[in-house]
Each structure stands twice: as C-alpha cells, then as structure tokens.
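Sequences are here, hints too, so could you generate the full structure?
2 protein chains.
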Amino acid sequence: MAAPTQISANKCFGGYNRRYKHASSSLSCDMTFTVYFPPAADETAAAPSKVPVLYYLSGLTCTDENVIQKSGVQRACAQHGIAFIAPDTSPRGLNVEGEADSWDFGVGAGFYVNATVDKWKNWRMYDYITKELPALLASSFPTLDTANASIMGHSMGGHGALTIALKNPGAYKSLSAFAPICNPCNVPWGTKAFSGYFGEDNKELWKAHDATELVKSYSRPALPTLVDTGSGDSFLEVQLKPEAFQAAADAAGFPVTMRMQEGYDHSYFFMASFIDEHVAFHAKHLKA
Amino acid sequence: MAAPTQISANKCFGGYNRRYKHASSSLSCDMTFTVYFPPAADETAAAPSKVPVLYYLSGLTCTDENVIQKSGVQRACAQHGIAFIAPDTSPRGLNVEGEADSWDFGVGAGFYVNATVDKWKNWRMYDYITKELPALLASSFPTLDTANASIMGHSMGGHGALTIALKNPGAYKSLSAFAPICNPCNVPWGTKAFSGYFGEDNKELWKAHDATELVKSYSRPALPTLVDTGSGDSFLEVQLKPEAFQAAADAAGFPVTMRMQEGYDHSYFFMASFIDEHVAFHAKHLKA
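So the protein lines, in turn, are chains R and G.
The first sequence maps to residues 1 to 288 in my numbering.
The second sequence maps to residues 1 to 288 in my numbering.
Some hints could be false.
[To be verified] Covered by chain R, per the in silico footprint, the following chain G stretches (three or more residues, Cβ under 8 Å): (1) 12-20; (2) 68-81; (3) 258-265; (4) 268-276.
[As the list claims (entries may be wrong)] Simulated crosslink set (EDC-like; lysine to aspartate or glutamate; CA at most 16 Å straight-line): (5) R:Lys119 / R:Asp250; (6) G:Lys70 / R:Glu65; (7) G:Lys167 / G:Asp118; (8) G:Lys216 / G:Asp250; (9) R:Lys70 / G:Glu65.
By construction, these hints were calculated from the structure, which means they are not laboratory data.
Note that the coordinates shown come from a computational prediction; the quantities given were computed from them, not determined experimentally.
No residue lacks a Cβ here, since even glycine has one placed at the ideal position from N, Cα and C.
Structure (structure tokens):
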C-alpha cells in the first residue's frame with residue numbers, strides 16, 4: 001500500500017485540512033481525500049494525541065473538497081477533538097466510455113457499491129470506503145484512532161453512510177445523514193445507478209445496498225442513528241423517501257431519530273446549519 | 001431606483017441567504033448582491049424586526065457568493081441578529097476591452113474606488129458601496145436598519161473596508177478586516193490598480209485611497225478597528241504590509257487591534273476560523 005502524498009494544507013480552527021493523493025488498489029486509479037486534523041492530533045501539535053475519526057461520504061458530483069470548503073464542520077471537529085475524513089465519490093481518470101455523460105452516474109456518482117457489470121469493474125467504492133481507506137489511514141497517520149469511527153453522509157453519501165453502517169455491524173459507533181437517498185431501489189437516482197452497476201435483473205444485489213431493505217434485518221449492536229432532511233428539499237418526494245426508511249425502521253424496532261427541518265433545501269447551507277449537532281451526536285458516541 | 005429582483009433563496013441557520021439582481025446606476029450594468037437575513041429579520045418571520053447591517057467587501061476574483069458559501073458567517077449573524085451584506089467586486093458585462101485580461105485588474109477587481117481614467121469610467125465601486133447600495137437596501141428592505149452599520153472585508157476588500165470607513169467618519173460603528181492590503185500605494189496589486197484606474201501621475205488620488213495614508217489624518221469619532229492577518233499568508237510581505245498601517249496608526253494615536261494569527265494563510269479557511277470573533281466584535285459596537 002503506497003503512502004499518500006500531501007498535496008495541500010490549510011490551517012483551520014487551530015488544526016489543518018490536509019489533502020492527499022494516493023494510488024488506489026481498489027479502484028485502479030489515483031484518488032484524493034482530505035483529512036481535517038483537529039489541533040491536538042495534527043503533526044504540528046507539541047505532543048500529538050490519538051483522536052476518533054468521522055467518515056463523511058459526499059453526494060453526487062462532489063469531490064472531497066465541497067464539504068471541506070462549505071460545511072464549516074472543522075469548527076465542531078476542533079472543539080470535540082475528532083478527525084474528519086472526506087473521500088472522493090468515484091474513481092476518476094479511467095476514461096471508461098461514457099463515464100462523464102451523466103452527473104448522476106459514473107464519475108462523481110459511485111453510490112458506494114462494488115459494481116458487478118464488467119464495464120464498471122473499477123467502480124468499487126464500497127471496498128474503498130470500508131477496507132482500503134481505513135487501512136491506509138491506520139498505516140499512514142498515527143494520530144488517527146481508526147478503530148473508533150463513526151460515519152455520516154449527504155444525499156448519495158447519506159445512502160452510502162446508511163448502507164455501509166447497516167452492512168457492517170460494530171464497525172461504526174454512530175451514524176448520521178443529511179437528506180439521504182433512503183430507498184434507492186424505488187427512486188430514479190437509485191434505479192439508474194443500480195441498473196448500471198449491478199444490471200437490471202440483479203435485484204438481490206440492489207436490495208443489499210438499500211437502507212430501507214437493510215434496516216429490516218439489522219440486529220445488533222445498537223447503532224445510534226440521526227437523519228435530518230429539509231422540508232423544502234426539491235428532491236424530497238421523488239428521490240429521498242425518508243418515510244420509507246422510517247416505516248421500515250419502526251417495523252423492525254430499529255431506533256432512529258428522523259427529523260424534518262422546516263424550509264431547508266438540499267444544499268450545503270442546510271448541512272452547515274445542523275453540522276454542529278451532527279458532530280456533537282457522533283462525539284457523544286465516539287467518546288463512550 | 002429600480003427594486004432588486006430576488007434570484008435565489010436558501011434557508012440557513014434559521015434565516016435566509018437571499019440573492020438579488022438590480023440595475024446599478026453607479027456602474028451602468030446589472031449587479032448581484034446577497035443579503036443574509038437573520039431569523040428575526042427575514043420576511044418569513046412572524047413579526048419581522050429591524051436589525052443592524054454588516055457590509056462585507058470581498059477580495060480579488062470573488063463575487064458575492066464566495067463568502068456566503070465558504071465563511072460560515074451566517075451562524076454568528078443569526079446568533080447576534082445582524083444582517084450580512086455581500087456585494088460583488090466590480091461591474092460585469094460591460095465588455096470594456098481587456099477587462100478580463102488580468103485577475104487583479106478590471107472584472108472582479110474594482111478596488112472600491114471611482115476610476116478617473118476614462119476607459120474605466122464605469123468602475124465606480126466606491127460610490128456603489130457608500131451611496132447606491134445603502135440607499136437601495138434602505139428603500140427595499142424595511143427590516144434593515146441601514147443607519148446602524150459596520151463594515152469589514154478580506155484582502156482587496158479589507159483595503160476597501162479600511163479606506164471606506166476612514167473616509168466616512170461616523171458612517172460605520174466599527175471596522176474589521178482579514179488580510180487587508182494596507183498600503184496599496186506601495187505594493188504591486190495596489191500600484192497596478194491605481195495606475196490603471198487613476199493614472200500614474202495622480203498620486204494625491206492614490207493616497208486618498210490608501211489606508212496607511214488615511215489613518216494619519218483620521219480624527220473622530222472613535223472607529224473601533226480589528227485586523228487579523230495570517231503569518232502563513234503567501235501575500236503577507238509583498239502585498240499586505242500590515243506593519244505599515246500599524247506604524248501609521250500608532251503615530252497618529254489611532255487605536256487598532258492588529259493580530260498576527262500564527263500559521264494561517266490567505267484563504268477562507270483562515271477567515272472561517274475567526275469570523276465568529278469578528279461578528280461578535282461588530283455586534284458589540286452595533287448594539288451600543
């Protein structure tokens with residue numbers, strides 16, 4: 001596993017946003033990611049200490065940079081002493097025919113699955129997020145306590161966070177999402193992605209990456225979960241379907257705090273407004 | 001004076017970012033600006049109340065959108081009940097020959113002056129910020145207490161805030177800046193802009209828009225002033241020269257809090273790290 005190379009660093013709230021590039025074995029291309037190191041865990045600290053990590057999975061079209069620039073998450077991460085991990089959303093630069101034809105499929109739209117359709121064989125974001133990246137962080141950054149991790153995400157990344165946490169019991173201390181795609185098997189974004197990456201007939205695989213399906217059979221350990229969606233989100237009814245996840249969770253006895261935030265839309269302005277609460281939620285469970 | 005037309009609105013920290021377009025008489029083109037209305041002063045509030053305003057002048061290449069998306073200023077403005085006014089940085093769309101040849105002159109680089117060189121006769125950002133925009137806000141938005149105003153800015157906009165406040169005693173309750181160009185007559189960005197907008201020989205006009213010159217003769221009323229610059233700012237020595245402003249202020253007996261923030265650079269990450277302190281500083285003086 002090749003060590004990541006730092007490509008930029010910006011001091012922020014006493015810590016540093018550090019952006020890295022590395023050759024990904026899962027995806028067979030170079031990938032970038034950013035880690036926000038809170039003050040105590042940065043290499044510039046007098047006596048750096050180990051801190052928990054919070055993975056953040058981004059939405060369609062995003063890179064690692066959007067949330068780093070627009071959410072203001074560093075403030076709360078500095079306060080609570082949590083490292084924030086922002087990966088990219090798909091392989092890039094592979095020149096697969098048609099990879100950039102759509103903004104909701106291919107480049108920038110990995111949906112956090114391992115594709116089984118041969119054409120998209122390098123789209124293995126599930127392995128990248130659940131295996132390669134944690135191992136890379138553990139081997140590269142001694143101040144990251146990668147065994148003490150939580151996960152969150154936005155939109156497509158909310159789908160990613162929900163499904164990855166539900167499929168890996170015990171791997172994450174807590175889970176949260178902003179405006180997640182809750183039931184991809186039944187919405188246009190999800191059916192387009194799953195048809196493309198898994199094939200139209202592979203419905204069992206579709207269900208294996210659908211949070212509303214996965215929550216039905218989740219047993220333990222407890223997975224504290226917080227979901228915020230905006231009532232003014234233009235994707236709410238057609239793409240997100242939080243009510244489907246809520247109903248399935250309730251039927252399964254899976255406790256989840258689902259909040260509808262009056263008037264908020266799908267943007268980073270929505271996320272910025274509640275990111276402090278999400279980080280505080282994760283901090284409580286990471287420190288337990 | 002034509003009323004501004006709203007072109008977007010995003011709920012944020014309980015209030016709204018509202019972006020407007022209007023036909024500017026000072027600049028002879030359409031201009032955009034964004035107002036962040038804190039919860040109590042937004043049109044959606046049950047009983048909207050009047051709030052003070054904080055003008056923010058942006059740096060080179062920026063529009064009104066950068067600070068709205070990247071600084072996280074809305075959080076503190078919501079908390080203190082202050083409206084945040086983000087104008088653009090120059091006229092746009094006038095098709096003056098060469099207007100977009102440089103990133104530090106012409107479009108996106110108005111330097112908050114009224115140009116006297118005929119070719120740039122529409123570059124009247126000083127009038128726009130000090131006269132047209134306040135009048136437009138006063139006539140268009142009943143919840144803005146435009147007589148209760150403070151001003152701040154970043155880089156070129158820090159120069160703008162310093163010079164505009166010093167040239168208009170009593171117009172602003174307080175003044176702050178991030179990484180301002182403090183002595184434009186003596187740095188490359190400033191001499192290029194002033195040569196272009198005023199002509200090479202018009203040195204008295206240059207001095208009339210140089211904070212280090214203006215502070216020498218500022219008398220009253222008291223103008224509480226806070227300036228933050230990062231020690232890791234790559235423009236610090238060649239373009240910013242805070243030490244020149246500090247020396248002139250000290251010699252003139254003008255009280256200013258000038259802070260050097262260890263390791264911070266010129267980016268919005270620097271600004272985001274201290275924006276709460278700047279808003280709190282202005283809130284104290286606006287409420288006095």
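For each hint, the structure was consulted:
no.	hint	result
1	12-20	holds (count 4)
2	68-81	holds (count 5)
3	258-265	holds (count 3)
4	268-276	holds (count 5)
5	R:Lys119 / R:Asp250	38 Å, violated
6	G:Lys70 / R:Glu65	11 Å, holds
7	G:Lys167 / G:Asp118	24 Å, violated
8	G:Lys216 / G:Asp250	9 Å, holds
9	R:Lys70 / G:Glu65	11 Å, holds
The structure fails hints 5 and 7 (numbered hints given earlier, in ascending order).
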